[in-house]
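Please construct the entire structure, taking both the sequences and the accompanying hints into account.
Okay, here's what each chain looks like letter by letter:
2 protein chains.
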Amino acid sequence: MGDLLEEHDLGQWRRTHYSSEISPSIGDEIVVMGWVASVRDHGNILFIILKDMHGEIQITAKKGECDDSLFELAKEVKEHSSIGIRGKVRPQEKAPNGAEIVPAEIRAFSIAKKAAPFMTQGKTSTVGIDTRLDLRAVDLRRNYLGSVFRIRQTVLNSVREFLDRQEFIEVNTPKMIATATEGGAALFPIFYYDREAFLAQSPQLYKEQLTMAFENVFEIGPIFRAEPSRTNRHLSEAISIDIERAFADYGDVMSILERMIVSIVETVKERNADDLKFLELELPAVELPFPKYSYSDLIDKLQEAGEHIQWGDDVTPQVMKSLQDDRLGGFYFIIDWPTSTKPFYVKPGSADGGRVCESFDLMFGPLEMSSGSTRINRKDQLVERMSKQGLKPDAFDYHLRVFDYGVPPHAGFGLGLERLMMALIKVENIRDTTLYPRDIDRLAP
Amino acid sequence: MGDLLEEHDLGQWRRTHYSSEISPSIGDEIVVMGWVASVRDHGNILFIILKDMHGEIQITAKKGECDDSLFELAKEVKEHSSIGIRGKVRPQEKAPNGAEIVPAEIRAFSIAKKAAPFMTQGKTSTVGIDTRLDLRAVDLRRNYLGSVFRIRQTVLNSVREFLDRQEFIEVNTPKMIATATEGGAALFPIFYYDREAFLAQSPQLYKEQLTMAFENVFEIGPIFRAEPSRTNRHLSEAISIDIERAFADYGDVMSILERMIVSIVETVKERNADDLKFLELELPAVELPFPKYSYSDLIDKLQEAGEHIQWGDDVTPQVMKSLQDDRLGGFYFIIDWPTSTKPFYVKPGSADGGRVCESFDLMFGPLEMSSGSTRINRKDQLVERMSKQGLKPDAFDYHLRVFDYGVPPHAGFGLGLERLMMALIKVENIRDTTLYPRDIDRLAP
Chain A
2 MGDLLEEHDL GQWRRTHYSS EISPSIGDEI VVMGWVASVR DHGNILFIIL KDMHGEIQIT
62 AKKGECDDSL FELAKEVKEH SSIGIRGKVR PQEKAPNGAE IVPAEIRAFS IAKKAAPFMT
122 QGKTSTVGID TRLDLRAVDL RRNYLGSVFR IRQTVLNSVR EFLDRQEFIE VNTPKMIATA
182 TEGGAALFPI FYYDREAFLA QSPQLYKEQL TMAFENVFEI GPIFRAEPSR TNRHLSEAIS
242 IDIERAFADY GDVMSILERM IVSIVETVKE RNADDLKFLE LELPAVELPF PKYSYSDLID
302 KLQEAGEHIQ WGDDVTPQVM KSLQDDRLGG FYFIIDWPTS TKPFYVKPGS ADGGRVCESF
362 DLMFGPLEMS SGSTRINRKD QLVERMSKQG LKPDAFDYHL RVFDYGVPPH AGFGLGLERL
422 MMALIKVENI RDTTLYPRDI DRLAP
Chain E
2 MGDLLEEHDL GQWRRTHYSS EISPSIGDEI VVMGWVASVR DHGNILFIIL KDMHGEIQIT
62 AKKGECDDSL FELAKEVKEH SSIGIRGKVR PQEKAPNGAE IVPAEIRAFS IAKKAAPFMT
122 QGKTSTVGID TRLDLRAVDL RRNYLGSVFR IRQTVLNSVR EFLDRQEFIE VNTPKMIATA
182 TEGGAALFPI FYYDREAFLA QSPQLYKEQL TMAFENVFEI GPIFRAEPSR TNRHLSEAIS
242 IDIERAFADY GDVMSILERM IVSIVETVKE RNADDLKFLE LELPAVELPF PKYSYSDLID
302 KLQEAGEHIQ WGDDVTPQVM KSLQDDRLGG FYFIIDWPTS TKPFYVKPGS ADGGRVCESF
362 DLMFGPLEMS SGSTRINRKD QLVERMSKQG LKPDAFDYHL RVFDYGVPPH AGFGLGLERL
422 MMALIKVENI RDTTLYPRDI DRLAP
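The listed protein sequences correspond, in order, to chains A and E. Position in the first sequence (first residue = 1) + 1 = this note's numbering. Position in the second sequence (first residue = 1) + 1 = this note's numbering.
FYI, nobody ran anything at the bench for these hints, they're computed from the structure. Note that CB positions come from ideal geometry on N, CA and C, so glycine has one too. Where hints are given, some of them may not hold.
Result set (DSSO-like, lysine-lysine): computed pairs, CA atoms no more than 27 Å apart in a straight line [to be verified]: (1) A/K95 to A/K114; (2) E/K115 to A/K393; (3) E/K389 to E/K427; (4) A/K393 to E/K114; (5) E/K114 to A/K380; (6) E/K389 to A/K114.
If you anchor each label on the Cβ, the simulated ranges turn out as follows [claimed, not checked]: (7) A/S39 to E/D301: 45 to 55 Å; (8) A/E197 to E/L282: 33 to 43 Å; (9) E/K393 to A/G355: 55 to 65 Å; (10) A/E30 to E/R196: 53 to 63 Å; (11) E/K393 to A/R260: 24 to 34 Å; (12) A/K393 to E/A187: 51 to 61 Å; (13) A/L324 to E/K393: 27 to 37 Å; (14) A/E429 to E/K393: 36 to 46 Å; (15) E/G252 to A/D42: 33 to 43 Å.
In structure tokens, the structure reads:
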């Protein structure tokens, strides 16, 4: 057996049907295209499972039934190759869609040169994540990741539809910026022509400014954090869903956030039923309103549970796990954080000399999903808070100057898309919720 | 007259109506919020035009009709301040919506401290673009820019709806990358932890890889080019609409692109009729199919027109202007470019030893909108083209290795959102099609 199978250009060939569209009743000669998910060779009969973006179709080549030279060609087809098949559809109960194709012509567009180091069927992978990420585009052919990214698509569509109904306008703010938003930690520096600049950690100051002109804005875009830790829940580049709303406070935007999450869950249930079935997954229960715990109450609870935690400390996932409270297993808010723990633009409350601020974190179990607050909308208060946090107001000149022109009261939040995906579909490693993850060790592919 | 008007927090106050929702028939007491677009003081009667995201409403304070202390307060209201008004609606033919509000309470949320250096009414601005950009959030309160960005929103929504109908999946690829896509020119370097990295000039190689798993992908996201020129049509950071499609060639994606543009134009006409009326704008005529000129024919024409241009040269906007051809005023394609002028991943044609390649630029008059092509889908051909262009295949190891696993034939394009906006709404300076432009001179705000 030689190298009979040659690589062809696409030329004038075009697919006439997707796999999932093929039913035994077609009967006609059709052309399907895709990649080879599996080949089973039983000597005188050969089964090729061809996969495309919609599903699978079985190609059955039988000695004697198809041309001898074609049968020899079919025997050379290798897994992962990109091929096209022209042939007739006939009923086959045991095959996907209840149909199979009897090939009349096979064209290889690109022949796989190596065996892939992992299988594409099944939910779990037998190899480590780094082996998969090194060959990510092939890894993404796995059914499991197909479902993950189809659900991710629904999540994003659902967010846009929800915010559109709430009359938000979508914006894009610059990712190359002159000044760190929240101090200098965890920034990636850039050479910007002859100057130093940074990659934006969040669209925070821009989205706040934009409430002056557009009132309700949202952005779905990349954020960059030079995160030094190696964990299963941090990325150096992530997608953030950021909103900001004029004439609103943190209560208003918490209400938007919880209703948005409910809307996402309902939309995924509706549009991704097949994926949820394949993943054997039930989405988290969501009921309005989400439970709200004040930071102070939570510290009391944690102290009662024996944790060595003080008022003013951060609440880490490790610490949260010590609370054996069922209501803390799903989505809930921690509100009214110490002012000292939050960035300068967060509005301190009016009670107690502003010791706590109008802020919230949305949690899912021990995992932080989102952070939001009422913002300060007056220049003198902003300058005061900057100075208290050791920031130089001069560095924020371009930001502060717009506060001379009537910035409305406003509030907003940032929601991590990848974290939300982890919560929704129980992905263990955040790297599998993004196509090409970036972390301290990984910059490629 | 002292400083009677004090700044209030939002507190429990909430807007009960948007300006545009107010009709003379309401009659009730309502609360409106927004910013002060203008104040006209006629001594015993004062008109405040309040603007919110939906429109304008007139507040009329008359001495004797409203409380004396309230009248004094109203006299202190300054343009651009962020305020809320509680009051009764009554008919007023001469006012926007045919209604005005008689104030019972005025609350200032943030008082403007300075007069803005430009007017917010009218289409044209009387000050230079740099003055406006230095105070961009205030500039964006101009009616003109409001219309521009509402149209931009429709363009993006329309693109997503169109590509969704064509069964494309939206993806996000990394913006921090290890290797330059098309050689080393015009890249922004980053410090990536302890390594050098770059900002992505395009999602090119990622979107190509993703056709292996998802077939049809698109991305709408930022691209970064260290563009050294100071022109009205270049930005250092822009939004690119990128698509890639499996089992397709450049003819197929040209067809997608022209139908997408037609769909955008129709959608803007439908959803932004008011904005187009305010801008006194007719969108460009679009008729399918768009004219196609081969590069070689165009060079002939240009030579006939007396231009000193050789086969193999780039076609610049300056050169294109010398062709006095009406059909070249709108959208048209230039196809079949010399292989030497295009990046390594563009597929050479089969004729003439591959002297021309399966490529196109979409033009609007002299302005390039989009660039696309059939791509090479085989490793050996890619390596050969890389070497010919002086690139080191080793630097592309992570990319090339996926070509061992059956990359389908594919084609795609990148379309510059800001350039498209220039074409659609005749904006002279590309900086006005983006919220916070970046160029060689500008990194803030």
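Tested hints:
no.	hint	result
1	A/K95 to A/K114	30 Å, violated
2	E/K115 to A/K393	23 Å, holds
3	E/K389 to E/K427	40 Å, violated
4	A/K393 to E/K114	22 Å, holds
5	E/K114 to A/K380	10 Å, holds
6	E/K389 to A/K114	24 Å, holds
7	A/S39 to E/D301: 45 to 55 Å	53 Å, holds
8	A/E197 to E/L282: 33 to 43 Å	41 Å, holds
9	E/K393 to A/G355: 55 to 65 Å	58 Å, holds
10	A/E30 to E/R196: 53 to 63 Å	54 Å, holds
11	E/K393 to A/R260: 24 to 34 Å	52 Å, violated
12	A/K393 to E/A187: 51 to 61 Å	33 Å, violated
13	A/L324 to E/K393: 27 to 37 Å	55 Å, violated
14	A/E429 to E/K393: 36 to 46 Å	37 Å, holds
15	E/G252 to A/D42: 33 to 43 Å	37 Å, holds
Of the numbered hints listed earlier, those contradicted by the structure are 1, 3, 11, 12, 13.
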